[in-house]
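Novice: Starting from the known structure of chain A, fit chain B onto it as the hints suggest.
There are 2 protein chains.
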Amino acid sequence: MLLLRHCRGLTRVGLLKTQRVQLLQGAALPVAVCAGSLCARWGSSHGGHKSGQYQRSHGPNWRHALAGLLAGTGAVLAYGLHHSQTEQAAATIVQPIAPASSLPIYTQDEVTKHRSVEEGVWVTYKGSVYDITEFVSMHPGGDKILLAAGGALEPFWALYAVHSQDHVLEILSEYKVGELSAEDRLMQQSVKSTDPYSTDPERHPALRINSLKPFNAEPPPEILSDNYITPSAIFFKRNHLPVPQVDPKSYRLQVEGVPGGVSLSLSLEELKTHFPKHTVTATLQCAGNRRSEMNKVKQVKGLNWGIAAISNATWSGARLKDVLLAAGYRSEVAQQTSHVQFEGLDSDVTGTTYGASIPLNKAVSEEGDVLLAYQMNGEDLPADHGYPVRVVVPGTVGARNVKWLGKIIVSEEESSSHWQQNDYKGFSPATDWDTVDFKSAPAIQELPIQSAITQPVEGAVVERSAEEVTVKGYAWSGGGREVVRVDVSLDGGRTWQVAQLQSSEKGQVPAPSPPPGRAWAWKLWELTAPLPPVVQELEIVCKAVDNSYNMQPDSVAPIWNLRGVLSNAWHRVKVTVKEDEEKQKLL
Amino acid sequence: MLLLRHCRGLTRVGLLKTQRVQLLQGAALPVAVCAGSLCARWGSSHGGHKSGQYQRSHGPNWRHALAGLLAGTGAVLAYGLHHSQTEQAAATIVQPIAPASSLPIYTQDEVTKHRSVEEGVWVTYKGSVYDITEFVSMHPGGDKILLAAGGALEPFWALYAVHSQDHVLEILSEYKVGELSAEDRLMQQSVKSTDPYSTDPERHPALRINSLKPFNAEPPPEILSDNYITPSAIFFKRNHLPVPQVDPKSYRLQVEGVPGGVSLSLSLEELKTHFPKHTVTATLQCAGNRRSEMNKVKQVKGLNWGIAAISNATWSGARLKDVLLAAGYRSEVAQQTSHVQFEGLDSDVTGTTYGASIPLNKAVSEEGDVLLAYQMNGEDLPADHGYPVRVVVPGTVGARNVKWLGKIIVSEEESSSHWQQNDYKGFSPATDWDTVDFKSAPAIQELPIQSAITQPVEGAVVERSAEEVTVKGYAWSGGGREVVRVDVSLDGGRTWQVAQLQSSEKGQVPAPSPPPGRAWAWKLWELTAPLPPVVQELEIVCKAVDNSYNMQPDSVAPIWNLRGVLSNAWHRVKVTVKEDEEKQKLL
Chain A
1 MLLLRHCRGL TRVGLLKTQR VQLLQGAALP VAVCAGSLCA RWGSSHGGHK
51 SGQYQRSHGP NWRHALAGLL AGTGAVLAYG LHHSQTEQAA ATIVQPIAPA
101 SSLPIYTQDE VTKHRSVEEG VWVTYKGSVY DITEFVSMHP GGDKILLAAG
151 GALEPFWALY AVHSQDHVLE ILSEYKVGEL SAEDRLMQQS VKSTDPYSTD
201 PERHPALRIN SLKPFNAEPP PEILSDNYIT PSAIFFKRNH LPVPQVDPKS
251 YRLQVEGVPG GVSLSLSLEE LKTHFPKHTV TATLQCAGNR RSEMNKVKQV
301 KGLNWGIAAI SNATWSGARL KDVLLAAGYR SEVAQQTSHV QFEGLDSDVT
351 GTTYGASIPL NKAVSEEGDV LLAYQMNGED LPADHGYPVR VVVPGTVGAR
401 NVKWLGKIIV SEEESSSHWQ QNDYKGFSPA TDWDTVDFKS APAIQELPIQ
451 SAITQPVEGA VVERSAEEVT VKGYAWSGGG REVVRVDVSL DGGRTWQVAQ
501 LQSSEKGQVP APSPPPGRAW AWKLWELTAP LPPVVQELEI VCKAVDNSYN
551 MQPDSVAPIW NLRGVLSNAW HRVKVTVKED EEKQKLL
Chain B
1 MLLLRHCRGL TRVGLLKTQR VQLLQGAALP VAVCAGSLCA RWGSSHGGHK
51 SGQYQRSHGP NWRHALAGLL AGTGAVLAYG LHHSQTEQAA ATIVQPIAPA
101 SSLPIYTQDE VTKHRSVEEG VWVTYKGSVY DITEFVSMHP GGDKILLAAG
151 GALEPFWALY AVHSQDHVLE ILSEYKVGEL SAEDRLMQQS VKSTDPYSTD
201 PERHPALRIN SLKPFNAEPP PEILSDNYIT PSAIFFKRNH LPVPQVDPKS
251 YRLQVEGVPG GVSLSLSLEE LKTHFPKHTV TATLQCAGNR RSEMNKVKQV
301 KGLNWGIAAI SNATWSGARL KDVLLAAGYR SEVAQQTSHV QFEGLDSDVT
351 GTTYGASIPL NKAVSEEGDV LLAYQMNGED LPADHGYPVR VVVPGTVGAR
401 NVKWLGKIIV SEEESSSHWQ QNDYKGFSPA TDWDTVDFKS APAIQELPIQ
451 SAITQPVEGA VVERSAEEVT VKGYAWSGGG REVVRVDVSL DGGRTWQVAQ
501 LQSSEKGQVP APSPPPGRAW AWKLWELTAP LPPVVQELEI VCKAVDNSYN
551 MQPDSVAPIW NLRGVLSNAW HRVKVTVKED EEKQKLL
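Going line by line, the protein sequences match chains A and B.
Note that full-length UniProt numbering has the first sequence beginning at 1, numbered continuously upward.
Note that full-length UniProt numbering has the second sequence beginning at 1, numbered continuously upward.
It is worth saying that the hints were derived from the structure and are not from the lab.
Hints may contain errors.
Said to hold, decoys possible - Straight-line Cα separation of at most 30 Å, DSSO-like style, residue types lysine-lysine; simulated pairs:
no. : chain 1 : residue 1 : chain 2 : residue 2
1   : B       : Lys321    : A       : Lys321
2   : B       : Lys574    : A       : Lys298
3   : B       : Lys439    : A       : Lys506
4   : A       : Lys176    : A       : Lys113
5   : B       : Lys298    : A       : Lys574
As the list claims (entries may be wrong) - To list a few chain A residues with every Cβ distance to chain B over 12 Å, as calculated:
no. : residue
6   : Gly142
7   : Asp143
8   : Leu264
9   : Glu269
10  : Thr281
11  : Thr314
We put the CB at the ideal spot given by N, CA and C, even for glycine.
Chain A on its own, in the form it takes in the complex (with noise of 0.2 Å):
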């Protein structure tokens, strides 16, 4: 009944509620078709199996499964979406259109009220606003949806470019219920203010703010999986100050400090034309990344992190290696000197900038594929993710990549910051606040191997009658160790399954195997299995491996430590299996 509505919308526009739903009630023929249009249109991507799948899902469980495969459509058509038209859709969102009907006009506040089930749920697009509650159980992407309650559609809309097509606004134009105010629509590009963060940029509203100022914020983890190179606007964003505003025209680039060198002062045209233009697809991942599980331990000092906070994109840039080449740089200097010092623009009100070190022989590694990025999925870094010119070292800690780049120094000393001395380093959970001695422990470079679920969530709810299920999560090791196998439990790791693994966008033909000491990208893996009989619980567990044979930890305890960073225990997520209602009755 739900998938006949839902079809109906593809060729039937405008109808009053009460109408609709009489009309489909008798539209046998109508459905039909629609049911063999869809199905036409997922094969193409999904293969026979998944049509199989959709044969079986007429059963009580059809919803689940068509949610499934219209969110993977969403994820492998969102790939090929260029960037450039998601960035000018969310440009559109406070763009104040004339009303063109006589519904009621509605303020962002009243809207905003309405976020649930309960009170309905309301979003706005191009201004107007729509009532979808009715909607929300039918939304082939499922509870996604709900990320946009009280707010504007046009953000997601960019991540699942599925929605652009015109039988989507069709469906969404049945629920209009008015138009939003004209204030509300130019408020947003009204805010200014002598706040250092009143110049930060605008962000994606699916984000989940860890600190406002400086910004720190990670996507939902159910939407992270759902792209294997994750959309720049849900990109986590791990700010430490605000961002700098950096005009491309007076910017330059310093690189100082090559022995027997020179000195070079250059342009952001000079970095794009001077030296080869290099891509690499890197995950760049957070040292707090899972601090929350930590904090579950033990109360940590730092942002309280999710599972969310590491991200994957391609970065295009000139070779770190090649400007220490053009400033001097000679392989006998490794004798004398050998760490790589960056200094970003981003700076506090007594002008200390953000700095890092890595170590040189990773900077001039013919394979160390280090960046001066000034690209991010194929077009120019935002402003959040180091605009004009970031560094990218792979398969190294995020407070290493540093971004909005000032200045690059080659030097016998690791960076003198407060961030590469006393802080991102790891320690034994024997150490606390009165006894650490931050000399003690080497400042972090490589990660260590990590995995996490992102499907289904903590508390999620399984229904019995779907029996099986599927569960996804990424997988990614630092120092380029490819991840090579990850093992899914759902008893709480008594007993193990290989999850499959993903290392392309899904649907597209998977990339070919790196070459060793460069697998620099994460892998997405997805495992479904039947649900285990009688259990009211699932306790899932993933544990990933490297090609080292690294494996994660067991438990958070003994790797807790007092900055809550290397958080990469095995992670757990328990879920509640729901019997039918039926067989509860007959119970």
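Specialist: Positioned in the frame of chain A, the structure of chain B alone reads:
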């Protein structure tokens, strides 16, 4: 009193036992002098702190302190001893010596029957037989003396050069009870047969044999960590086939397959003189080290290794990179080919030789330090370790460090050998012999982080009166990742303490940190901690961390695999705390 007897041996020789005891009971003055001279000697290698410890040792715990001191001194001296001396000492075992006394003649069989304090502890040295039963409790090196019970002292004294002092021989001479029969002294030289293993070399009697043919053996853990550089005689042996007899004069190393290059056939002399000699200290570890712990979870296939299928040595030879350059290798070759295969001269009855391969980038990297080694610990390679030439691939599983090297082949393919294709790979605990697909897992190359406890051993007894416990072990990680911390727990992993790391022979200046990614050698570690009150059992646990902050998994079952490789969970040793007898009586 026991100290008195030991010291007395320094100045007085040849007394009958009854006389000796009587004399010593009244010998106050010589004892004071003796203790002073021991202090002076130890002070030179141990500094003031240890002297202080000795002062305390006049209480009931003095014997433990003394044992620790002398064992430590032994390790220091053993390193300084030129290895050829130890070899010469070992060689004298089978030299017949004309009986020089009228004492009884014993056969080796009779000596062998005396291997415990209950049955008497007999040993041989240069053809004489000694009953050292009474000396066992006085031995400054502790129970390790029992490793030699029923056999020859020479191979053990070769390991612990503290014994090569006149006064030690003087002490020994007091316990002489007879001569070894001339037949037995000659017998060991005469074993010959058609057994392909009949020409295998002599081995050190301390080795614990896992398989005799082919020979696979490891040292007892409690002597493994006595030396930072493992003496070759007790370095773990892992042979897949009989040890080949290679004539160094006719030996040729074949080098083939470099695209656009030439084939080489190098004599041993050419390898030694045409290429720079390069020395690396590197730890080798068998993929099956600690397999016995997996066997306890569920039976696996493979040799039942304990924790000592790992050892550390210095290796000298030509760089593989230099030899490949001589064969015409150029960096562009890396585009066409990606593996370097090695073939051993050891073969089975069908002529199949041992073989393995490593990635080309490791082989040709300036920082890979891959050697064609012809020396181990400053001497020609011993027969068991690949004489005359073996590959040493630092940071990589033992199985790729091909011994008795005959051929090097640069190739597009990995080695087709059984050991590369269908062995030495890791799988999920869910994979069994019915479902395993060896193609689905990568050949093990770099190994993961590892550590284990060498002292105390499982089941040992710690005296409550000792008030503290000393825990020792090793830690190492593959891929040149440096061990940066070892955590030790005395309570099964609930609380942790940080151990002291040791990266050179004890008492020597610590070696400087290796360049990033080139930490090929293990670290020994030690922790002396107060005995926890009340408890009657300690569950000692260790876990190590490398500089990519990889950590060991907590437990064995979740990393169990059908071949029992990569066993690197926390190592656990249970010991009993023995209450003082007085206290026990009071209870």
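Novice: Against each hint, give a clear statement of whether it holds in the structure.
Specialist: Quick rundown of the hints versus the structure:
1. For the hint pairing B:Lys321 with A:Lys321, the CA-to-CA distance comes to about 23 Å; that is within 30 Å, so the pair holds.
2. As the CA atoms of B:Lys574 and A:Lys298 are separated by approximately 28 Å, the hinted pair is consistent with the 30 Å bound.
3. At most 30 Å may separate the alpha-carbon atoms for a hinted pair to count; B:Lys439 and A:Lys506 meet this at roughly 23 Å.
4. Between A:Lys176 and A:Lys113 the alpha-carbon distance is near 17 Å, which keeps this suggested pair within the 30 Å criterion.
5. A C-alpha spacing of about 28 Å is found between B:Lys298 and A:Lys574, which places the hinted pair at or below 30 Å, so the restraint holds.
6. Non-interface call for A:Gly142 relative to chain B: holds, since the shortest CB-CB distance, roughly 29 Å, exceeds 12 Å.
7. The beta carbon of A:Asp143 sits about 31 Å from the closest Cβ of chain B, which is more than 12 Å, so the claim that it is off the interface holds.
8. Look at A:Leu264: its CB is around 25 Å from the nearest CB on chain B, clear of 12 Å, so calling it non-interface holds up.
9. Separation of A:Glu269 from chain B is adequate, the least Cβ-Cβ distance of about 31 Å exceeding the 12 Å criterion.
10. Every C-beta of chain B lies more than 12 Å from that of A:Thr281, the closest at about 19 Å, which supports listing it as non-interface.
11. Every CB of chain B is more than 12 Å from the CB of A:Thr314 (nearest about 23 Å), matching its label as outside the interface.
Violated hints: none; the structure is consistent with every hint.
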